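So the sequence lines, in the order shown, correspond to chains A and B.
Note that this note's numbering has the first sequence beginning at 1, numbered continuously upward.
Note that this note's numbering has the second sequence beginning at 112, numbered continuously upward.
Note that these hints are calculated values from the structure, not bench results.
Model, not experiment: these values are computed from the prediction.
Warning: the hint list may mix true and false statements.
As the list claims (entries may be wrong) - Only some residues are given here: those of chain B computed to face chain A with a beta carbon under 7 angstroms:
hint, residue
1, Pro155
2, Phe157
3, Ile158
4, Asp160
5, Arg162
6, Asn164
Don't be surprised by glycine CBs; every beta carbon is placed ideally from N, CA and C.
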Amino acid sequence: DVKVTQSSRYLVKRTGEKVFLECVQDMDHENMFWYRQDPGLGLRLIYFSYDVKMKEKGDIPEGYSVSREKKERFSLILESASTNQTSMYLCASNSLGDTIYFGEGSWLTVV
Amino acid sequence: GESVGLHLPTLSVQEGDNSIINCAYSNSASDYFIWYKQESGKGPQFIIDIRSNMDKRQGQRVTVLLNKTVKHLSLQIAATQPGDSAVYFCAEEKTSYDKVIFGPGTSLSVIP
Numbered sequence: 001d002v003k004v005t006q007s008s009r010y011l012v013k014r015t016g017e018k019v020f021l022e023c024v025q026d027m028d029h030e031n032m033f034w035y036r037q038d039p040g041l042g043l044r045l046i047y048f049s050y051d052v053k054m055k056e057k058g059d060i061p062e063g064y065s066v067s068r069e070k071k072e073r074f075s076l077i078l079e080s081a082s083t084n085q086t087s088m089y090l091c092a093s094n095s096l097g098d099t100i101y102f103g104e105g106s107w108l109t110v111v
Numbered sequence: 112g113e114s115v116g117l118h119l120p121t122l123s124v125q126e127g128d129n130s131i132i133n134c135a136y137s138n139s140a141s142d143y144f145i146w147y148k149q150e151s152g153k154g155p156q157f158i159i160d161i162r163s164n165m166d167k168r169q170g171q172r173v174t175v176l177l178n179k180t181v182k183h184l185s186l187q188i189a190a191t192q193p194g195d196s197a198v199y200f201c202a203e204e205k206t207s208y209d210k211v212i213f214g215p216g217t218s219l220s221v222i223p
């Protein structure tokens, strides 16, 4: 079975803190994605990556950055967390043209 | 613009009945469609998919129907069970471009 693992399920951070959300997939997928999910807004794409050290902005990249140093790992970084970044963050991966598989989500609260 | 939408935001079904969840898409170039189930507090889970060269695909208790003429996708769940209560998303993709568009979701509630 495909497994996308998000290391942190629940985090509480203070405004201005730097936040790292880590994601690992075990299916050798080329593509990895970070989404955020908010009530009434659905899934919104933050960043994605088609290859190691490669990144592309999604629909809402402001306030975020990403890192993909290894094929299996894709990190989402909030350089200076703000309260409007309180959300559920979902990591996903796939091979080109194939099903996207999601992790279990990371609930981030910024106070 | 491109969009994937669901006709009903909520759906209540009696346990044992069949459920039908609908989805409209607007990009006629999309060639791959996926249904996801998301339980409370969890990530979306793949249920079933269908490619544009098919109009029906069956899984275990689930069937996806694709009508390309009217750009409509539906998920049918047979003999709905309490464990089927969740939010269901449809998604469309143009595989050569690999951009996936997700619908807003339909919340399915199963009445015991």
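* Looking back at the hints listed earlier, which ones does the structure fail to meet? -> As far as the earlier hints go, 3, 5 and 6 are violated by this structure, in ascending order.
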